[in-house]
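Participant: Please put together the full structure from these sequences, using the hints given.
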Amino acid sequence: MRCAIYTRVSTDEQAKSEYSSLDRQREICASYIDIQKEKDWRLSGVYEDGGYSGKDLHRPGIQELVQDIKDGKIDVMVTYKIDRISRSLKDFYDFWEVLKAHNVTFVSATQHFDTSDSTGMLMLNILLSFAQFERELTRERTLSKMAGRAQRGLWNGGNIPIGFDYSRDVQQLRPAEGEAKIVRFIFSRLIETHSPSTVANEANTLGFRSKRRIVTRRTGSQVEVGGKRFDEDSIKAIVRNPLYKGFIRYDGALFPGTHESIIEPETWDEANKAIGNNREGTELRYKDDHIHLLKGLVRCGPCGLAMTPYPSGKKSSSGTPYLYYTCTSVVQDGTHSPCPVRALPAREFEGLIRQVLAELGNSPVILQACVQAANRDATTSVESIREVRSRHQEEIARLTTGIRRIIEIMKTQDLLSEDVKDEYRQLVREKERLVTLCEKLQLDIELRQKRVLDVEVIQQSLQDFERLVNLLPLEDQKELFQLLIREIEVYPYNPSTDEPPTGTGALATKVRSKWYRVNLALHQLPGVNLGERVQGQSSDKKESGSPGRCPGASFETCLTSNFPPLPVGRGLNASPSVQSQVSGCKNFSWEKQKTAPSWRVRTAFREQGSHRYYEFLRSRLEPGSQPLDLLILVLEQRLAVYDHVLTVRG
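Per this note's numbering, the sequence shown starts with residue 1, numbered consecutively.
Read the hints as simulated data drawn from the structure, not as lab findings.
It is possible that some hints are incorrect.
Claimed, not checked - Derived pair list, reagent style BS3-like, types lysine-lysine, alpha-carbon separation capped at 30 Å:
#, residue 1, residue 2
1, LYS145, LYS211
2, LYS181, LYS315
3, LYS145, LYS90
As the list claims (entries may be wrong) - Cβ pair distances, simulated, as ranges:
#, residue 1, residue 2, range
4, PRO340, GLY503, 16 to 22 Å
5, LYS100, ILE385, 19 to 25 Å
6, GLN151, ASP269, 49 to 55 Å
All residues carry an ideal CB built from backbone N, CA and C; glycine is no exception.
Facilitator: Put into structure tokens, the structure is as follows:
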């Protein structure tokens, strides 16, 4: 077994006896490996990160370790303590997923556990939680200390701004007279010109430059930075900094500072008025929290151009702009554009598409096909696993007989030679390995047998899908939409004069006061033979992607003109004004048709030859996040029937 040692020590920890040196950590880990000689453990490499914090995995040593793990050079990874890897629970889970994917055992030398058994996994989670708690506690103490310093008028550090020096004797900022003249020039000229760019040009013409400072790199070398020409942004940054009028800014609040000011408060206020920012130094920040779930997917049918996310000039009461998917022609040409679609309200349209996708889960054709495929795979795989287990059990019986024979020989003939001992140890080790392997195979068989379910069980399991997806962060929801949908085409529609939409994925809908015809194209489902007629269609049609019996059927199969109508909806961010109607729809009860299955998303990943969706969800799993915990529970346990889609092959 090839063993790797990883050691880390941060700058602060170097003063503590427990982490006084990388050598101590390395010696303890090497001793642990030496004790495991009977397991054929041998040291193959040491990876070190000296002077690096454990807040993340951006360290050269651990990055080299990860690469060697991926290259198959390591079987066991040993470290002094678990927090040497990371103090972040999410980062360690990312690292742990790499270990799992490459069958590498993780061992903590001083905490006496490894991840090859359930006890080790339990200890792993407990220790990680405490490491995260310690880090958060340290962070809270640091923030509390910084807040206290700001309230006392003390500067909290960082890059020293132009116009000031820092006195280590009194631990205080003090004006640097040469640079202070530049600052006063900037303020006075801005009040006169009201133009930051003009002031920047004048300062550059006079030979003024930004503050120079010496930076010490991690390697110990020093380099001079700064001394650059001024631009509009740097002028604004100086003018908005309340340090110049004698105030400390912390967490959006201003506190009177103990340092000497360079600019009078009245002058500072007047200069900020000149650039349209008279908010006591609080930087103007605009943040739109809405994520466009359909970005890059929506196209204007008549123009053949993309409909891009675009804010309107009007804003809501909260100050955020109203968001639209706007035809590129309208963005470029404005009112001169002949586009008949022009713009779609983003939130309402996303809610409509969400409801359409949700209805796919109620297709009996898709459900039945999935059940048949899952049960067929489960039954076939169980038989093959049983055959492998049976062969191992026969080998175990043979080894047991050999072990007994050696024991009898040693008893009767008093043979204790090293050759006999070595043969005995080899037989025992091989038997233990096969016994463990048989236990794992039995667990695998039991798990797969539980996955032979029926349509009702699966449909019940899918009832929470839409609700759970709504609990995901918008960034994650966007990823799911991008994987499901290939393209959405939008056309104008008049229900009084136009023919009802027909064909795969076609539907008509009313958003606010306008009607649209929407063609929804989804990614193809590989390898699913529906084998049944879709309502209202002939079973003789066999073209891929068309309704009927179609190997490699696509999602569009269920989006025929007979697709059930959508309710007056409250989908994702949808308002009650959203009204949707699909032509030719009858006998539909929204109360019974609420959700869509998540297996389509995973199958879309499968089409791409990867299983990023499973890893994507695992990477989002954070402690205390109940919605995500619930989502993982549903996907891994209640939807275990689709495990064949998630299985990482090869």
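Participant: Does each hint fit the structure? Answer for all of them.
Facilitator: Structure-based check of each hint:
no., hint, result
1, LYS145 / LYS211, "holds (28 Å)"
2, LYS181 / LYS315, "violated (42 Å)"
3, LYS145 / LYS90, "holds (27 Å)"
4, PRO340 / GLY503: 16 to 22 Å, "holds (20 Å)"
5, LYS100 / ILE385: 19 to 25 Å, "holds (20 Å)"
6, GLN151 / ASP269: 49 to 55 Å, "violated (22 Å)"
Consistency with the previously given hints fails for numbers 2 and 6, ordered from lowest to highest.
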